Amino acid sequence: GENVEQHPSTLSVQEGDSAVIKCTYSDSASNYFPWYKQELGKGPQLIIDIRSNVGEKKDQRIAVTLNKTAKHFSLHITETQPEDSAVYFCAAPFMDTGRRALTFGSGTRLQVQP
Amino acid sequence: GAVVSQHPSWVICKSGTSVKIECRSLDFQATTMFWYRQFPKQSLMLMATSNEGSKATYEQGVEKDKFLINHASLTLSTLTVTSAHPEDSSFYICSARWGGQPQHFGDGTRLSIL
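Taken in sequence, the protein lines are chains C and B.
Here the first sequence stands for residues 1198 to 1311, where the numbers follow the numbering used here.
Here the second sequence stands for residues 2 to 115, where the numbers follow the numbering used here.
Bear in mind the hints are in silico, worked out from the structure with no lab data behind them.
Hints should not be assumed to be uniformly reliable.
[Said to hold, decoys possible] Quick list of in silico lysine to any residue cross-link-like pairs, SDA-like style, CA-CA up to 20 Å: (1) B/Lys42 - C/Gln1257; (2) B/Lys21 - B/Ser84; (3) B/Lys42 - C/Ser1282.
Since this is a predicted model, take the numbers as computed values, not measurements.
Next up, chain C with everything else stripped away, as it sits in the complex (with noise of 0.2 Å):
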């Protein structure tokens, strides 16, 4: 099955600074990757997803980069926001038995500080 690891687990930033959060994942037939933001006490929202077929997607302020061949893929969060403090989750498909579950890292708690 896949396996998914994230760094750093915690990541402190200057308001206006910019933050990455990293992720790499053993499975080289995974071909999609999202991120997830989770606010206390609420379900994860997806923020940004890459497909296997493209290396860098951006939406206003977040970028996620991929790099197929070194099995590792990032979020970048520019100007960094205090409503940016979160827990982020990257994920990758479990891709063995097609069953298109996300297998989760372990979590980055950001926090930006005013």
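Guided by the hints, dock chain B onto chain C, whose structure is given.
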């Protein structure tokens, strides 16, 4: 965007009772729903995958007789925790998807067993 509603958001009950959690896709027909469990400050762990009209597929280590899943329609899946005990206390989150679309998550149910 796609909306997944989960009910109840919080439940407290005595040890030995059974608890039912509902997951509804409000604006789309979910061909597949997933149930996850999340312990404090940890990642989401997949419990089972549920397809409408068929038996759920449980992950290794998840007791199917304890965590009963029913997916009777394209918009509703239920998880029943039978004979709940304190170690079952956790945050239970469902997600839903259709076709090749991303998974969308509910806001979770916090279950506390006394």
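Results of checking the hints against the structure:
1. B/Lys42 - C/Gln1257: Distance of about 29 Å is beyond 20 Å: violated.
2. B/Lys21 - B/Ser84: Answer holds: B/Lys21 to B/Ser84 is near 11 Å, not above 20 Å.
3. B/Lys42 - C/Ser1282: Holds: B/Lys42 and C/Ser1282 sit about 15 Å apart, inside 20 Å.
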